[in-house]
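Participant: So the protein lines, in turn, are chains A and B. Residue numbers are given in full-length UniProt numbering: position 232 of the first sequence equals residue 232, and the series is strictly consecutive. Residue numbers are given in full-length UniProt numbering: position 59 of the second sequence equals residue 59, and the series is strictly consecutive.
No lab work stands behind these hints, which were simulated from the structure alone. Keep in mind that a hint or two might mislead.
To be verified - Computed list of lysine to aspartate or glutamate pairs in EDC-like fashion (alpha-carbon distance at most 20 angstroms, straight line):
id	chain 1	residue 1	chain 2	residue 2
1	B	168	B	201
2	B	246	A	980
3	A	820	B	310
4	B	249	A	980
5	A	717	B	201
6	A	568	A	538
7	B	139	B	170
8	A	228	A	248
9	B	267	B	245
10	A	200	A	525
11	A	833	B	311
12	A	171	B	152
13	A	234	A	287
14	A	833	B	122
15	A	314	A	301
16	B	323	A	925
17	B	154	B	170
18	A	306	A	368
19	A	200	A	224
20	B	321	B	311
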Amino acid sequence: MSAAATAMPHAALEKDSAFESLLKPVYKGKKLTDEINTAEDKWNLLPAFLKVKGLVKQHLDSFNYFVDVDLKKIIKANELILSDVDPEFYLKYVDIRVGHKSSSSTKDYIVPPHECRLRDMTYSAPVYVDIEYTRGRNIIMHRDVEIGKMPIMLRSNKCILNGASESQMAKVNECPLDPGGYFIVNGTEKVILIQEQLSKNRIIVEADEKKGIVQASVTSSTHERKSKTYVITKNEKIYLKHNSIAEEVPIVLVLKACGIVSDLEIMQLVCGNDSSYQDIFAINLEEVAKMKIYTQQQALEYIGSKVKTVRRQKLTTLQEGIEAIATTVIAHLTVEALDFREKALYIAVMTRRVVMALHNPKMIDDRDYVGNKRLELAGQLMSLLFEDLFKKFNNDFKANIDKVLKKPNRAMEYDALLSINVHSNNITTGLNRAISTGNWSLKRFKMERAGVTHVLSRLSYISALGMMTRISSQFEKSRKVSGPRALQPSQFGMLCTSDTPEGEACGLVKNLALMTHITTDDEEEPIKNLCYLLGVEDITVVDSDTLHLNYCVYLNGTIVGIIRFPTKFVSRFRSLRRGGRLSDFVSIYTNSHQKAVHIATDGGRVCRPLIIVSDGNSRVQAEHLAKLLDGKLQFDDFLRLGLVEYLDVNEENDSFIALYEKDIEPRITHLEIEPFTVLGAVAGLIPYPHHNQSPRNTYQCAMGKQAIGAIAYNQFKRIDTLLYLMIYPQQPMVKTKTIELIDYDKIPAGQNATVAVMSYSGYDIEDALVLNKASIDRGFGRCETRRKLTTVLKRYPNHTQDMVGGMRVDENGEPIWQHKALGPDGLGEVGMKVESGQIYVNKSVPTNASDSVLNQTQAQYRETPVVYRAPEPSHIDQVMMSVSENDQALIKVLLRQNRRPELGDKFSSRHGQKGVCGIIINQEDLPFNDQGVVPDIIMNPHGFPSRMTVGKMKELVSGKAGVLNGSLEYGTCFGGSKLEDMTGILVQNGFNYSGKDMLYSGITGECLQAYIFFGPIYYQKLKHMVLDKMHARARGPRAVLTRQPTEGRSRDGGLRLGEMERDCVIAYGASQLLLERLMISSDAFEVDVCNHCGLMGYSGWCTTCKSAEHIIKMTIPYAAKLLFQELLSMNIAPRLKLEDVFEQ
Amino acid sequence: MSNIVGIEYNRVTNTTSTDFPGFQKDQDAKWDVENFKNTFDVKINSLDEREANFDLMHIDTSVTNAFRRIMISEVPSVAPEYVYFFNNTSVIQDEVLAHRIGLTPLKVDPDMLSWVDNSLPEAEKFTDENTIVLTLNVKCTRNPDAPKNCTDSKILYRNAHIYARDLKFEPQGKQLSTFAKNPVVPADPDILLAKLRPGQEISLRAHCILGIGSDHAKFSPVSTASYRLMPYINITQPVSGESAEKFAKCFSPGVIGIDDAGKAFVKDARNDTVSREVLRHEEFEGKVKLGRVRDHFIFNVESTGAMTPEEIFFKSVRILKNKAEYLKNCPISQ
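So that you can see chain B by itself, here it is in the shape it has in the complex (with noise of 0.2 angstroms):
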């Protein structure tokens, strides 16, 4: 069976993989690792602070996914769990605010935290091992210096409007030393968190702590991880002249080249983005096959700012190691 999803006018075909033992008589299909090791392959293609884009070839539809979904919702990560409020004068309601402050992604290593133990009492809950205390303490003051007639509140008043940077990280502890060198900072400095006026104040005090995005979507480290598989052109018969300029264009742009002979061949089939926009059009009809490589997938991990998109895919497959392990190890497997 080949390994091409085929893209068709109103229906993808070809979609599951068939390697698995028993699915054919006479073939084994067993999975090796040998083999695997020797085929499979991963090329970066770009790689920064908050992105990350790579593929994964020659690997099961059901070890990417897992990947991807162990870093959804399985990659720890430290986020803003319980707010105290002493005081909110604001429009803003207190638990919207929670909420937005929440939300706010921030810049701790979660290695660096333990796990909060449920089962124990609110008030020894929370020790300099596993939690972060940032505090907010703002008001907003009429600014004597704003030139007359203006109307932007920003230059009105000061503290208008609180961003997430007016989080103040309050080392605890022992997290005078451990965090002296990278303290907590929010990933973001510029996400509004509330809006003020003269005479208004927020004093509050937020202990994060470490979670799963499962849990909740803040605890989540990535913004989104996922993959697509790569496209696959197959020009079945040759489209040259005008129609070639056509059939190029209902491809992304730089998919299809023209050689010298007016003919379109396929220049890079990466950057397709299957729109299918070749099918509609009858004249291009048994001269065109779309389709995607199965096992190649084209990952892609943005980061939500407190670790390398790289370390979150380590720490999937960490993750999913540990899982197998587990169930290696877990009686009702032997």
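So here's chain A without its partners, still in its complex pose (with noise of 0.2 angstroms):
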């Protein structure tokens, strides 16, 4: 093995704090006093960044921002509870709070995730409700109701594990690496994944060229529903288009039905004074003119009747049509006191939107564009599950409390909150399923939708890390659509550009660049009021006609005034945010194109901290990074400061943005912190990116995930179903600053090989790779499984019970051999080994586990052991003995094996490169140098010319130089160790400039003719294994049914001689084997076949024709003799008809 320090997971544990050592006067050996060059160390600001946010930052934010701030939303929103019996009654809910009680300011003890892990249990705190309800005639408040149990999200302001420190965690046996941002619902780890959506009430413009629709839509989201509402071109005629009307209606009428009767105004509102856009429009107005409707109230009337909708009551159809205009277009806009200018401005802005792209298309908009979309987190869809869930219990409980006060002369006042507690389960067992199953389905919106939660997957720390900043996008996999798939350019610093999986899901799943933050909701109303008192006009005072010659101001995609001055308040605006007035996450930008100030304030958008740049400086300076590192401040008080501000992509759209200081020029308004954070913290881990063919490090992102490493620091606690760890992880010999922002150089999944690139043996064709078998012996590659077995001892309704039996002994009183790894208890021991077929659980359940015991002598037993069935023995690394929520008892025991690396296991580099193990040649048969150095993996030089991955090149000169220079170095994107100075510290070292080195064969001992690259790579050890695949079966189980060899390697199954095969084996001209073998030797069956009806029937004997005079035995296949039986049940009779082949 190579001399690269072994990275064991508890050394680092001694240290406290991880971000500690990046704060330190003294870092990567600069000090203070050292001269600060802003633009090499403002990448500083990155530490700092993420010590603030943390990787799953955005999980966490938005789950306390739902615990913290949405609860008490949904709460208020649903407030009241009245009786349709007693009109006198209500109950009230005050306030609403998650795992503690209003009297104490601590929390409620919760069970700590590890125990929650171990025991299959939710890891939850309970929801309390302050409530005021009437009892008779007084009002009475009770506070700290409990209504049900929240899954809390590991990390996040109501977890234990919340501001903890390293020891603090170490005592709940909890990683202090591991980032959070999940849930523990029965002992499994759950995701809710970043889902990727179109952006809510927003105008977006489309065209379908070849139908030639031009359509503005919106989505409107509410507390209450979602509907979609459409301004769609049709015979170049403008309607508008909503599921709950039955046909379009024009739009004219729509506006008039808002009350804009005037045609001047309305083509004033739609066209402006644009002679282009009013020749466009013009027909619309002719159409209505044909209809005969002038008025508001036709208008209204025509709308109300085209309204398809289920009501009790019967109303008017003018009633339906304020109904319609009032509700459900564009619903998200509320109307107050019947005034719909606002939702008239609203539809009129659509409609200009569609004239606009109809004079010019490209005034469309991309769907794809970053911009238009919003991530919805965690919180967003717990909320939306919860609110659900709420109501439904707050239907059940009032639907309790009418049934209680419909009784006449109660004996007692009546106290609500005896019926509360009936239903608290629901809400409970709501979450947790929604969250267990993925499953989300809420009834309001009549959304379904599958697959939004997944198991954390603990393959390596890598694989954890990537799904925790994964996103999954709405769309199908399965449509062959290019667009949103692409690479997007407004993706850059946002979305990572490397990491997204091959195949079906390319491009719709992806993951956060390193320093993306996606954003809350924050509130509407004070940014409206600050807009008007920055000088906007209130658009429900503005007159139509000026409406178009000024700039619209928009919040969250709702027109809310005019302004006369653009530039000049937007960049007021940006100032009173940059001075903290307002939430940094409040974003302002100006499209010249639709003559509009965007302001957002919505939850979702993406976004990511920039410098800010003035008079051509960089704001931030050599103090503050001065100051920075001295920890005076923090990335916080950057924000604060007005040095640094989160942009979102519309935003960075209307900014310049220089990569680095020596570009900043005038017009330039922002500065990057760190090129490298365009790429994620999977893509991160590959040293030297830049210089590699793109789809290599994809393939590496996807293949990080599979390596074998060290999970956690608590990973000997953990009990899992399947575990991989490495013995001996090694950190890479060159790292990247990604790797020590995420800590994967103290939880590394690999080891650094000394690497020859050349060929050997033939065994290493087509990517497969030759070891040497001492460092086999001294430990590379050497990896442990551990698998889990759950066994739960139940309880049955007679009373009886599963039971744990001791083992069985022979005549010598020694056990016997299939009870050797047993203990006296019944359960495996610890430490010893289980091979195939001996038993480690020795369980038996009750024979009788209905009836009652008092009929019962005595209980009977049948024996139900947990036999162990694999290739390889392993041993018992741990037995567990709990109860589970439900007070059954239960039996976890991890098995362990261990594994060195054989023939076809699977290895792979940083670069996409991966191979599988050819062949394993002892160390004197290799290659050595001057110094007797051995190569670890030789390689075969035919993988680099198709793959160009010459960063794997430039990791193997730097490593070495790394080695002999007693350094670790730097593989960052765009940065890293310089090729220049690696080399130089190679021919200093006295060897070859360009890493390739003399050999000498170990088979003849003479040099080699060529030299040879050699050097250490970093390589990983991948989950696939030829232990866990190989499977081969001469005879074994078979199905029931078909009597055919069982299917797949977990039920010893055949291997398919496929038709392709069958028809090798016919052109070959063996057809008689396939006979022999397929038929005669396997599947044949004698029938008696009654010649008479052509049936068959069985023991001589036709039971359709009543005699057996005319049965004859004959063999067909037995698969042949199924089918016919299934035709018959289905009421086909297949007869057989029986004639002599050779004429007697």
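Using the hints, put the two standalone chains together into the complex.
Facilitator: Below you can see the structure in the form of structure tokens.
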């Protein structure tokens, strides 16, 4: 094994905070007194950012927002429960809290997360509400009523791990490097993936070029409902379309219904005084005139007659029309006192956008533009679910109350509190079920979404981390569309450019970049007021004529006013934000094509921090960075001081961003913090990725998640279904800054192998690797698998229960072979070896679990032992006995297997270059250099030309220089150790500058005629191992129905000789072989066929003809016999007609 | 043909020796013992407990390589092979600890043991003639004398770190007398085997037997045994003045000297690492020829500690001799 230090997972525990080293006065050999170079040291903002934000901060922020803010909003929106029976009665929710009671500020005790994992419990905290209700004539306040339990996101502010120090984390068996952001439901870790959606409540203009249709659509989303409104062209006329209106309604008619009756005003609102727009739009006015609809009342009645509704009480068509305009069309705008003007303006704006797109096709919007997307996080999804469950809870509650109140002459005053606990389970189970199955079904929106949650992959630390930053798209995977899958320029810095799966989900599943932040909802009202203060004229008082002469101001897609001096307004708005007067995450940008200023405060926008540049200078100066390194300033201080700000995609598009400080010129507004943050956490592992062909980086992103390594500091405390661990993981010789930031150097997954790039033995074709046997002997690539088996000791209604019996002994008092691994308690003993066929939990179940025991003298038991079946023996690592939430005894046995690399095991470097072990060669046969160094791995040079992974070569050279220099080198994207420096170190140490050494053949002892590229490369062992896949069978189990061999390795199944293989045998001319192997010696079945009726009988008797006269015995395949019987069962009678082949 | 391996910019030439019978028509090139005796030369450069460096000159590559190969894979040595666990409550798994103990080099003279007969049943396999028993019985406890707010686990606890020196030799039968003078100890006592925390303990017994490196690397008596060829530098055109300084820098320090006239000369080619740096510079093109002497091997043998390096080398010679003898007496060869 190579020289690099072995990173023992527990070694780092001694140090306290991971970030402390980053913020210490001496960092990476740099002292505070050293001159600070802003151009290079501004990257220190990144660790500072991650210290505040962390990699999964989006999830935590979103969940925190949900429990702290959104829950209260939901309670507010559904606060009253009234009774249909007793008008006096009311119940009002006053407040809601998660995890602690109102009286004490300390949190309730909740079972720690690791115990939940082990005991198959849900990590949750109680939800308390304060209520106010009437009992008789009195109003009663009741505090801290528990309405259910809410699963808690790990490391959120309701979690016991929130703000815990490393030693506190260690006390509850938790890994301090675990990112959190997931839930534990019934013992499994579940992640709610980030969902990508088209933004809500925004107008999107699309065009279908084939059909010549232009449409503007808006998805209105409120707490109550979701609906979509379209303004669509049809025969060059413009209509409004909505699901609850039977047919398209002419747009002018809709505007008239909204109270804009004058054609002139309609024209002004839609077209302004642009004559080309007027020409396009004029035809619409004619149509309505032809329909002879002139007044608002006529228009409303027209719409009312088209509405599709299911109502209990019939409304007049006029009322229907008013209802439709007020509530269903563009539902997110609320109408007060039947003032439709705001809505009319909104529809006019939509129409204008359509007209603009008709006039100039470039004005259509791009759906795939990241600025038009919103990311839905755990908090939002939980909030939707909770509100649904809460409504159901309230409905049930109300029904219950009504039931009691209906009873006349109650003996005592009714206390509504008595009915509350009856249904309290609904919320708990509803939340649990949704998270554990991933089925989000919301009654309100008639939404049914599957696959929202996933089990957190704990294959490696990276796979868990990668899952937390993953974004899944709502697009269908099967559709062959390129648009949504393509790399969008607007993804820059927000979404990782490399990390996406290959195959059907390519481009649809994305990952966040390193510095991305996702916003949560902010209050709209204060921003609106601020706009008015900054000179925006309220839209309700704006004259229709002047509307389009000025810039319109939109707040979250809704027009709020006009502004005469947009540039000034925007810059003043920005300076207020930079001064901390409003939320950092409010974005503002000008769209000069639409003559609009857009302000966004909604949640789910992706944004990232950038350094502000003013007057051609970066606002972050050396002094600030010095203070940052000194710990006097935090990242948030940089925000507060107005040195750094968050830009979302739309605002980023409105800025000039310099990549490096040297690029700053007068028009530049912002400066990147670090260019390598275009990549995400997973792609950040790759050294020198900017020298690789881009698909290779994508391949590595997929493979890095399969690498075996350390998983967490608490890996030996975990009992997972399947866990792969590497025995001696090492941190890579060539690191990246990302590796340090995400602590991959503390929880690595791979080893530094000395690689010789040369051809050897012919067993290295097609990317196969040659491994050094001595290296394997010394621990290279060793790994361990840990497999869990859970048994539950059930209790039955008749008071019998499963039990674990002791071991059985032979005549000498020794345990029988099957029970060798058992202890006297009938459970496997820790440390024992179990071989295939041996038992490790000797469980028995009662033979009679239904009848009452009273009838039985003694309970009878049947042995149902847990038998170990695998090609290789395992050792028992842990046996856990506990009690699950429903009081049943739970036994978990962890089996461990130690594996050394063997032929066919899969390895990969960090450059998407995977290969299997083709041959294992003795040390003495391998080539060696002057120093006697022998490679651990020999890689075939043919892997390089077509793959173009130059980064791998640079890794080798940098790694070799690092070994000689005693340093860890960097391969950070767009940076890293320079090749010239590295080759310089090689030459200094007496090596060739190119990294190629003269080797001697181990077999002949002579010099090799070529120089060999020789040095360390970080190799990952991937989870695909031969031992888990090898399979062969001569005979074995068969399926009962078809009598054919079972399928699959797990069932010891047969290997299919398929149609194509069959064709080969026939073509070869060996069809008799097929007959013999497939029929005579395997599937033959003797049947009695009645030659009279052609059906099958049995025992020489035809049941159809009731005779034995014409029965003939013959042999057919069992499959054919089954087919005949199945045909018979569906009323098709296959009749066999028998003839002699050779006439007698 | 010259016996210099040519080191060129991007290839190595003349790597194979040609002095074998039948290569050239007119030359006999038959191997002659007397001739070999006269020409063969050994020069010892350094020799100590763990490392030996010596030159073998005028000997064929195949023979030298055979020595190297045999030293790595066929010279027997003693290593722990069977580890029996009685108790292990530490975090390190039985298999991993057993692997680590197996790799610990032991100071045992392999000649003191005989080979284990694998055909015998388990109970009779191990005797005092072929097995050495090591035991490890450690328990970690708190150190009551540890100063407060101390964080060093070595001070806080007793037996927190288990080293190779904690493996204790248990002489069996007549080993009490045969191993009385030199009891079995690990060659490097400071190898960390495991880490413990209070309450954890390890109790095990290891059977160490004879084995060879090709079976498992732990039986290899050498960390490495390898050779390099003697560097050869031929300055074909004089290099002098400033460029001589630069010329000297292209080689390892002390390889190139500069004489009074400012001319570069080869002072000591042995120390050169043959980095080929000089071939990169255009100004030295054609002025120097690099090479290595094909039959001059600078051997380096690094022992793991059980035997002295010279002993290992002699054993390899003996093994090669036995092999040759076996071949000679083999019925096929007659």
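Participant: Is the Cα-Cα distance between residue 306 of chain A and residue 368 of chain A 20 angstroms or less?
Facilitator: violated (34 angstroms)
Participant: Has the given pair, residue 717 of chain A with residue 201 of chain B, been kept, meaning a C-alpha gap of at most 20 angstroms?
Facilitator: holds (18 angstroms)
Participant: Taking 20 angstroms as the top limit, are the C-alpha atoms of residue 200 of chain A and residue 224 of chain A close enough?
Facilitator: Roughly 14 angstroms between the alpha carbons, so the hint for residue 200 of chain A and residue 224 of chain A holds.
Participant: Check whether the Cα positions of residue 246 of chain B and residue 980 of chain A lie no farther apart than 20 angstroms.
Facilitator: Status holds; Cα separation ~18 angstroms.
Participant: Please work out if residue 323 of chain B and residue 925 of chain A have their alpha carbons no farther apart than 20 angstroms.
Facilitator: The given pair, whose Cα atoms are some 18 angstroms apart, holds under the 20 angstroms limit.
Participant: Measure nothing beyond the straight line between the CA atoms of residue 249 of chain B and residue 980 of chain A; if it is 20 angstroms or shorter, mark the hint as holding.
Facilitator: holds (17 angstroms)
Participant: Quickly compare the C-alpha distance for residue 154 of chain B and residue 170 of chain B to 20 angstroms and report which way the hint goes.
Facilitator: Given pair residue 154 of chain B, residue 170 of chain B is violated - Cα atoms ~27 angstroms apart, limit 20 angstroms.
Participant: CA of residue 234 of chain A to CA of residue 287 of chain A, is that 20 angstroms or under?
Facilitator: holds (12 angstroms)
Participant: Is it true that the CA of residue 833 of chain A sits at most 20 angstroms from the CA of residue 311 of chain B?
Facilitator: Violated. Residue 833 of chain A to residue 311 of chain B sits at ~41 angstroms, over the 20 angstroms cutoff.
Participant: Given the hinted pair residue 267 of chain B and residue 245 of chain B, is their Cα-Cα distance within 20 angstroms?
Facilitator: Given that 20 angstroms is the threshold and the Cα spacing comes to 14 angstroms, the pair holds.
Participant: For residue 139 of chain B and residue 170 of chain B, compute the direct alpha-carbon distance and say whether it is at most 20 angstroms.
Facilitator: With Cα atoms ~19 angstroms apart, residue 139 of chain B and residue 170 of chain B stay inside 20 angstroms; holds.
Participant: Hint check: residue 321 of chain B vs residue 311 of chain B, CA-CA at most 20 angstroms. Holds or violated?
Facilitator: holds (15 angstroms)
Hint check: violations occur at hints 3, 11, 17 and 18; the rest are consistent with the structure.
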